[in-house]
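Q: Make the full structure from the sequences, and use the hints.
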Amino acid sequence: MVESIARVRHIRVTPQKARRVVALIKGKQAEEALAILKFAPQGASEPIYKLVASAIANARVTADKTNEYLDDADLYVKNAYVDEGTTLKRFQPRAQGRAFQIKKRTSHITVVLATPETAEAAPARANKKASK
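At position 2 of the sequence shown the residue is numbered 2 (the UniProt record's numbering), and the sequence of numbers has no breaks.
Incorrect hints may have been included.
[Claimed, not checked] Each computed DSS-like pair below joins lysine-lysine, with the alpha-carbon atoms no more than 30 Å apart:
hint: 1; residue 1: K103; residue 2: K38
hint: 2; residue 1: K50; residue 2: K78
hint: 3; residue 1: K65; residue 2: K26
hint: 4; residue 1: K38; residue 2: K78
Don't read these hints as lab results, they were simulated from the structure.
Predicted model, so just to flag it, every value in this text is computed and none were measured.
A: Right, dumping it as structure tokens:
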């Protein structure tokens, strides 16, 4: 089983908006996820598209290192999540000398791709109950 992780940090997209896009690709095949992201109208879809493409490339490198066969069609999005990054604080000048604070939020996005486990590859779990 090949598993690859790709992360991007400090992306200038709010986590709330990025989570909406990430929800579209969870559990999908990697190639299908790329197609969805390519035509998604949200602004967060472009950096997430690049991230999924990077995760596919990481999976190829991992498969080459371990001498495993990897077909890109077998990869699926096992997990994808968005964490909140640092918040940049800016000020907007207002009337009568006031200043309002503007928070420019950033995101840390992680995508995990994997190949599905086959029945033979999964180890059989032993029953942990002790016999009396």
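Q: So, for every hint listed, does it hold in this structure?
A: Hints, one by one, checked against the model:
For the suggested pair K103 and K38, the alpha carbons sit about 28 Å apart, so the restraint of at most 30 Å is met. Restraint check: the Cα-Cα separation between K50 and K78 comes to about 17 Å, which is no more than 30 Å; the hinted pair holds. Taking the CA atoms of K65 and K26, the gap is about 27 Å. The hint holds against a cut of 30 Å. This hinted pair checks out: K38 and K78 have alpha carbons roughly 19 Å apart, not beyond 30 Å.
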